[in-house]
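Since each chain comes alone in its own frame, lean on the hints to assemble the complex.
Letter by letter, the chains look like this.
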Amino acid sequence: ETGVTQTPRHLVMGMTNKKSLKCEQHLGHNAMYWYKQSAKKPLELMFVYSLEERVENNSVPSRFSPECPNSSHLFLHLHTLQPEDSALYLCASSPQHRENPYGYTFGSGTRLTVV
Amino acid sequence: GEDVEQSLFLSVREGDSSVINCTYTDSSSTYLYWYKQEPGAGLQLLTYIFSNMDMKQDQRLTVLLNKKDKHLSLRIADTQTGDSAIYFCAENPGGSYIPTFGRGTSLIVHP
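In order, the protein sequences belong to chains C and A. Be aware that the first sequence starts at 1, since it is given in our numbering, and climbs by one per residue. Be aware that the second sequence starts at 116, since it is given in our numbering, and climbs by one per residue.
Bound-form chain A, shown alone (with noise of 0.2 angstroms):
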């Protein structure tokens, strides 16, 4: 199976709240990231968290992290349609220096 394992899709309403799931598999994890992707634009670092924090929340996104489980979320408060994106959740694994991403979930905001 897959280190980072996000589902591929998920769409909601504009106002409500998103939350965006990922797993990964490495316990010995350090730092985790969830990274943005818009149409036509590479990879922008939305946040990160280390592994010795359980949530962190920087105004309307919240990032709740489970060890135990390997479970990380994101989860986007008022969602709104400039949200639409592909959403891309990341590890870097213990004794590794590269990251390794998940495939990203599409998040599809409708009116």
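Here chain C stands alone, though its shape is the one from the complex (with noise of 0.2 angstroms):
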């Protein structure tokens, strides 16, 4: 157990769903992110949250929709996707978002598939 905690763990969902992914973080730390681990990729960060706040946001299709409504929890809400936006979702946390020497702590992540 890492302190950061993604549900569900595995999702299968149609092209016309809305789903929702969860992260919650029990480590008092500021900042959270979304990245995005595909087969043969390198790691996509897709947003970053600083203080609630959004403070970057990597040309991440609208289909994609985060919410942070306080520092420990962190969502991502989806809606209309493509199969290739199957992938494992991974979220981390820090203790803050610059000047920080310390790397992230991950989650487990959710295998989403979308058929």
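Where hints are given, some of them may not hold.
What the hints assert, rightly or not - Some but not every residue of chain C turned toward chain A, in silico, with C-beta under 10 angstroms:
hint: 1; residue: K40
hint: 2; residue: K41
hint: 3; residue: L45
hint: 4; residue: R54
hint: 5; residue: F64
hint: 6; residue: E67
hint: 7; residue: P69
hint: 8; residue: H73
hint: 9; residue: N100
hint: 10; residue: Y104
hint: 11; residue: G109
hint: 12; residue: V115
It should be emphasised that the hints constitute simulated quantities derived from the structure, not laboratory data. In this text, a Cβ means the ideal position worked out from N, Cα and C, and glycines have one as well.
Pasting the structure below:
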């Protein structure tokens, strides 16, 4: 248990569905992140939140919508996804976004399959 | 080319030492990291090294940094089957707060 919990662990959804991924951290960290991990590709940073404010949005399609209601919770709302969006979605947190030498703490990820 | 490069696979015999190599491009990187990802799990931070250090040792792990060649390595002594995983190198490029990850090296440990 890393202190970063992601639910669900697995999700299968149709292209017309709406679903949400949830991430919760119990580490007292102030920054949270969404990453996409696809086979044969480097980790792709999607969104960065620092003190509940979005500070990075890496050209992610609007069918992915993040939400950070407080510093402990992060959501990724999904709608009208495409099969190429199938991947492992990883949430991470860090004590702070800027001047952070200590790296990230990752959750176990949500394995998403779009059919 | 990619900012952080790693070979994709490494196969070692149980009990031997493993050396996983990484090259990066930003000479102003301040922190460099090694993460481990086991099947079905997220990335776990193994160790990190500041750019003003040449070496860091932590039990079976030794990190070597050659700033001149922008080369980082992770040595695992007495490799065990439980060390089988994907190992990611990452750098914090100067002027950026976002780490750049390599594609990962799959370490396969066989008896």
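Cross-check of the supplied hints:
no.	hint	verdict
1	K40	holds (8 angstroms)
2	K41	holds (7 angstroms)
3	L45	holds (6 angstroms)
4	R54	violated (14 angstroms)
5	F64	violated (18 angstroms)
6	E67	violated (20 angstroms)
7	P69	violated (22 angstroms)
8	H73	violated (17 angstroms)
9	N100	holds (7 angstroms)
10	Y104	holds (7 angstroms)
11	G109	holds (5 angstroms)
12	V115	violated (21 angstroms)
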